[in-house]
Amino acid sequence: MKRVVEVLKEKFGNRIQGSHQETVRELQIKIAKEVVIPAARFLVETLEMRFLFLFGSDARNISGCFHLHYVFSYHHVDQFIILIVEVRGEDLTFPSLAPYLPQANWQEREIQDLFGLIAKGHPDPRRLVLHEDWPEGLYPFRKDFIQNKKVPRVNGEYVFDRVEGDGVFEIPVGPVHAGIIEPGHFRFSSAGESILKLEIRHFYTHKGTEKLGEGKDSSHLLCLAERISGDNSVAHATAAAQALETLCGFQIPPRAQFLRVVLLELERIYNHLADVGGVVLDVAFGFGAAQLARVKEQLMRLNERLTGSRLLRGMIVFGGVRNDISDLDKKYLIQEIGKIKVDFDQTIQILWNVSSLMDRIQKTGIIKKEIVEALGGTGPIARASGVDRDFRRDHPYAAYQELLFMVPVFREGDVESRIKVKMQEVYESFKLIYEAVTGMPEGISIVETVPLKPLRSALGYVESPRGECFHWIATDRDGRIARWKIQSPSFANWPLIEYAVLENIVPDFPVINKSMNLSYSGNDR
Amino acid sequence: MFRILKKNIQVGNATASFEPHHSSASQGFLGAPEIEAAKCTGCGLCVKSCPTDALQVCDDQTKDERKLFLSYGDCIFCSLCEPICPHDAVSFLGKFELASESKEKLTLSFPFCLSECKKDPAFTSQASLPVKTLPTGSQSFSQGNFAPLLSMDEIGSRLKDKVKTLFGRSLHIREVDAGSCNGCELEITNLSNPIYDVERFGIHFVASPRHADMLLVTGPVTRQMELALVKTYAAVAAPKLVLACGSCAIGGGVFNGSYAVVGGVDRSIPVDVYLPGCPPRPEAILYGIFLALGTVASKK
Ligand code: SF4
Numbered sequence: 001m002k003r004v005v006e007v008l009k010e011k012f013g014n015r016i017q018g019s020h021q022e023t024v025r026e027l028q029i030k031i032a033k034e035v036v037i038p039a040a041r042f043l044v045e046t047l048e049m050r051f052l053f054l055f056g057s058d059a060r061n062i063s064g065c066f067h068l069h070y071v072f073s074y075h076h077v078d079q080f081i082i083l084i085v086e087v088r089g090e091d092l093t094f095p096s097l098a099p100y101l102p103q104a105n106w107q108e109r110e111i112q113d114l115f116g117l118i119a120k121g122h123p124d125p126r127r128l129v130l131h132e133d134w135p136e137g138l139y140p141f142r143k144d145f146i147q148n149k150k151v152p153r154v155n156g157e158y159v160f161d162r163v164e165g166d167g168v169f170e171i172p173v174g175p176v177h178a179g180i181i182e183p184g185h186f187r188f189s190s191a192g193e194s195i196l197k198l199e200i201r202h203f204y205t206h207k208g209t210e211k212l213g214e215g216k217d218s219s220h221l222l223c224l225a226e227r228i229s230g231d232n233s234v235a236h237a238t239a240a241a242q243a244l245e246t247l248c249g250f251q252i253p254p255r256a257q258f259l260r261v262v263l264l265e266l267e268r269i270y271n272h273l274a275d276v277g278g279v280v281l282d283v284a285f286g287f288g289a290a291q292l293a294r295v296k297e298q299l300m301r302l303n304e305r306l307t308g309s310r311l312l313r314g315m316i317v318f319g320g321v322r323n324d325i326s327d328l329d330k331k332y333l334i335q336e337i338g339k340i341k342v343d344f345d346q347t348i349q350i351l352w353n354v355s356s357l358m359d360r361i362q363k364t365g366i367i368k369k370e371i372v373e374a375l376g377g378t379g380p381i382a383r384a385s386g387v388d389r390d391f392r393r394d395h396p397y398a399a400y401q402e403l404l405f406m407v408p409v410f411r412e413g414d415v416e417s418r419i420k421v422k423m424q425e426v427y428e429s430f431k432l433i434y435e436a437v438t439g440m441p442e443g444i445s446i447v448e449t450v451p452l453k454p455l456r457s458a459l460g461y462v463e464s465p466r467g468e469c470f471h472w473i474a475t476d477r478d479g480r481i482a483r484w485k486i487q488s489p490s491f492a493n494w495p496l497i498e499y500a501v502l503e504n505i506v507p508d509f510p511v512i513n514k515s516m517n518l519s520y521s522g523n524d525r
Numbered sequence: 001m002f003r004i005l006k007k008n009i010q011v012g013n014a015t016a017s018f019e020p021h022h023s024s025a026s027q028g029f030l031g032a033p034e035i036e037a038a039k040c041t042g043c044g045l046c047v048k049s050c051p052t053d054a055l056q057v058c059d060d061q062t063k064d065e066r067k068l069f070l071s072y073g074d075c076i077f078c079s080l081c082e083p084i085c086p087h088d089a090v091s092f093l094g095k096f097e098l099a100s101e102s103k104e105k106l107t108l109s110f111p112f113c114l115s116e117c118k119k120d121p122a123f124t125s126q127a128s129l130p131v132k133t134l135p136t137g138s139q140s141f142s143q144g145n146f147a148p149l150l151s152m153d154e155i156g157s158r159l160k161d162k163v164k165t166l167f168g169r170s171l172h173i174r175e176v177d178a179g180s181c182n183g184c185e186l187e188i189t190n191l192s193n194p195i196y197d198v199e200r201f202g203i204h205f206v207a208s209p210r211h212a213d214m215l216l217v218t219g220p221v222t223r224q225m226e227l228a229l230v231k232t233y234a235a236v237a238a239p240k241l242v243l244a245c246g247s248c249a250i251g252g253g254v255f256n257g258s259y260a261v262v263g264g265v266d267r268s269i270p271v272d273v274y275l276p277g278c279p280p281r282p283e284a285i286l287y288g289i290f291l292a293l294g295t296v297a298s299k300k
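Chains as they are written, first to last, in this note's numbering: chain B, 1 to 525; chain H, 1 to 300.
Misleading hints may appear alongside valid ones.
[Said to hold, decoys possible] Simulated pairs of lysine-lysine, DSBU-like, Cα-Cα distance not exceeding 30 Å:
1. H:7 <-> B:431
2. B:341 <-> H:6
3. B:453 <-> B:216
[To be verified] Some chain H residues close to chain B (C-beta under 8 Å, calculated; not the full set):
4. 9
5. 35
6. 37
7. 40
8. 78
9. 181
10. 182
11. 186
12. 219
13. 228
14. 260
[Stated by the list, open to error] Counterexamples of contact, computed for chain H against chain B with all Cβ distances above 12 Å:
15. 125
16. 175
17. 189
None of these hints come from the bench; they were simulated from the model. Glycine included, C-beta positions come from ideal geometry on N, C-alpha and C.
Okay, chain H solo, but in the shape it has when bound:
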């Protein structure tokens, strides 16, 4: 007993403060890629190095136009694109507060004049790049196999504003792993450690969906987890919030295109906030939760 007391006193208070928009990651953290528009020539080299659909180009010959897309929702933060860029336009500066209410907001687009791009010796034509699916913005979730299990009420009016005032001070979260690699789970578990101590914000992780106000879903939704996810969602009492946590949950991430995954939570159930990262660091998850609650305003 004495030793426990001694250790407790030695350690003191370990909890770190957290303030949305102002907290920074610890030193060395790579975070999300940022493209410096002034340096980028639109050559498209980085698209080849990207393992997911996060970077892609779309050429329009008739309009003499090229668009470069950077989708944070699909990005796995591997930083393979950084050394590829011949113009040093891609950098990783530890950006992580990325959560957003819609997928559109997670996609940046950089317009170029195609004939100008071609002048760059590094120019890569769209035809020589791997085929990727272009960002379509938000999907309709009702494509899922189990959509009939959800009532109209759940799909339709969501009473969002009411939700936010209702859950102002305390929030019960049910975490659902819909096929993650366990990286996201690891960070969510870390939220409860003494450093992040998520309970101080009135946030509790609960065991049953019936007690939950919010589902925190990870993973690309595997074919074999889809039914369980939909059932869990249906068991949560309305009004309810859904947070898609990690690039897998947003659009399938690295697993996109496999026969065994559905490819994103919003193909099975409606999603309120998308939370990029692979995995998102604990501060990023907190930010996403606060955003879903409306206690912080989303960034531009």
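Okay, chain B solo, but in the shape it has when bound:
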């Protein structure tokens, strides 16, 4: 990794202002603002690193400036590089990366809204997170923003992109939808039945979660993390707990690592099962949907029996896993998983022979590999489009390094591929749970934690059911949480849907949407 710094220094000279190994896997490199675009492009284009995400932080009370953090990873080395840029003084602009790396689009707009820093040269600088009735000049993520003062509403207008032409009409949908799903706005432009353009407008459920986490103690932070996206409670809590643990340079007991795998995989199974069931329901195959819903309920009851919570909440704590699993529960778990697997298997066999289902899902909602790469898509969606990537294997955490599993990858990128990826992952998860439960070392599952170290930062990451989920936590001088960044997989994946629906017919939108099953709350936070 030190090599990277040398290469960068050779190329950019003294505009590389320093480097520092923040944690075992994170190298921070401080660079001057004006070279951020060439440096980022160099890392991606020449050194073949992957750009993951970028975020801001307000460090004015510590170093007198704002910071921007650009996170990169290597494919084949388990290391992360974070470029840090200072935004200082009167000039609150920074060069926009979006024209070169489109996946920076939303992230830069988010920084504009929440920190009031301006992305110079951004192709689409409209508001994103805060809607039009939020007053100008008020930036909630700045440290001098007063959290509990009531913010007045102002008049404002959001301008949608328009497609014009003969016979083109617009269909606005949402924010309140017809089914029991979360709120968000979709605007279709279509000619006849075919969709010419879709523009999504989200952040209706923006709750200021990252800001709420500031100053919280670790157990309360994890309570909040579990509620970023309810069906991904374990994934978010694990990512946050790992960030805290890395920040303290602290290892959790091996047994806890295995227990975390069990919990994470239990969550993956019920999520994927619900997604498959959702698609089946949307194509109106009632039998399949009912069977899958029944199996899902069995899983939720299993969750409850093991952890006391149907969503597996409250288990992941800073320092390990709260409740250990008894031998009795182990036996029960293995037995139940076995039963559920048979049940799932039978249902899937039936589904795959129903032509009315296959008809609707084959070649529907295709996302090309290039689009996924350019927009930074992750998770089952990426794997269904031929991107072979899984953090469990590529950057192993918890006990994944010691377990054997396959990462299913399909090439077509349509609804069918996404369903197939999820189904195969369910089978892998059954296996993983079995292996983790039987191979679990004896010992304690939780250890006494230490107070957070002051002025440190760390990254935690998890391959959640929806894809890569990152939590980045930084502490202030007193060891309190000063910034909590949540990069949820849905935030990375939502822009993909605008491409997935193109040239599909409007009635197929629900199926496509369901096959991606993105979280609105995880995205909006």
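Given chain B, work out where chain H with the ligand should sit, using these hints.
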């Protein structure tokens, strides 16, 4: 086709019976905290461990009085308070039928003599505990930004009794997510699975508020969803019922105090029944719906 039939026969009838006041949660479910008054010394340690406003103390030096409040409406059922209590007074026994028509009924208060409390070595003074907002009981909803959009009729006489007789046998519900984490949605969706099969009670989830008799609202009402919620409410034909589902919807839950949330459904529209849980399990939601309909009597 044959396989479908075979599977159907194999599975048989999966639906579980549901009887308010008598149904129990499946094994292991934690449910809501219960404080055993005989064991509790009022030391206040649990208040620190509570991530929301569910547990709090209020001291009155002049009257030598301390009150411990347990508000189910704010509780997120995290069970962090259980291991903290040095006297084993807090337990989680799977209690979930908690829905109630008013917030007052959801708050338990335990009175103590302050000087007695101080004798306990675990005593924690109110000053050293995090600042929380004390339970105020029901709020007036008209504080909302969009209250002018609601007509007087909707705010005033609610014809409640008539509602209940009208909706005796069939009920159409429109679910509105006002910024939830999707945990509550997940459980509401589960109501339609073969185990709970909510349709057998004549309950349907409908797509349009114009067809609905009841709004089932989740989430802390984010600033950016408030207008949509008020508009949806206004679109429901009177008489109508509103159920605030989950601790977020009751008082903001874990998101209380954020710049981006209003902090409870009743700050934007009037609420008939409050339904604690994070998320409430499907049986608890059913109980809440029946309570709103008046088909079950509320518990003491
Ligand atoms: S009450 Fe709990 S489960 Fe329901 S929306 Fe709020 S945080 Fe999520």
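With 8 Å as the cut and Cβ atoms as the points, is residue 9 (chain H) at the interface with chain B?
For residue 9 (chain H), the interface hint is violated, since the closest Cβ of chain B sits about 12 Å away, which is over 8 Å.
So, residue 219 (chain H) near chain B? Judge it on the closest CB pair being under 8 Å.
holds, 7 Å
For the restraint on residue 181 (chain H), tell me whether the closest CB of chain B is nearer than 8 Å.
With a closest approach of 4 Å, the residue 181 (chain H) hint holds.
With 8 Å as the cut and Cβ atoms as the points, is residue 40 (chain H) at the interface with chain B?
Result: violated, 22 Å to nearest chain B Cβ.
Does residue 189 (chain H) really sit off the interface, with its C-beta more than 12 Å from all C-beta atoms of chain B?
violated, 5 Å
Hint check: residue 341 (chain B) vs residue 6 (chain H), CA-CA at most 30 Å. Holds or violated?
holds, 18 Å
Against chain B, run the beta carbon of residue 182 (chain H) and see if the smallest gap drops under 8 Å.
holds, 4 Å
Verify the interface restraint on residue 78 (chain H): the C-beta must sit less than 8 Å from at least one C-beta of chain B.
holds, 5 Å
Consistency of the no-contact label for residue 125 (chain H), given chain B and a CB cut of 12 Å:
holds, 19 Å
Quickly compare the C-alpha distance for residue 7 (chain H) and residue 431 (chain B) to 30 Å and report which way the hint goes.
This hinted pair holds, its Cα atoms lying about 24 Å apart.
Mind verifying the non-interface call on residue 175 (chain H)? Its CB should be farther than 12 Å from each CB in chain B.
Answer for residue 175 (chain H): violated, closest chain B Cβ roughly 5 Å.
Can the hint on residue 186 (chain H) be confirmed by a CB-to-CB distance to chain B that is less than 8 Å?
holds, 6 Å
In the structure shown, a violation is registered for the earlier hints numbered 4, 5, 6, 7, 16 and 17, in ascending order.
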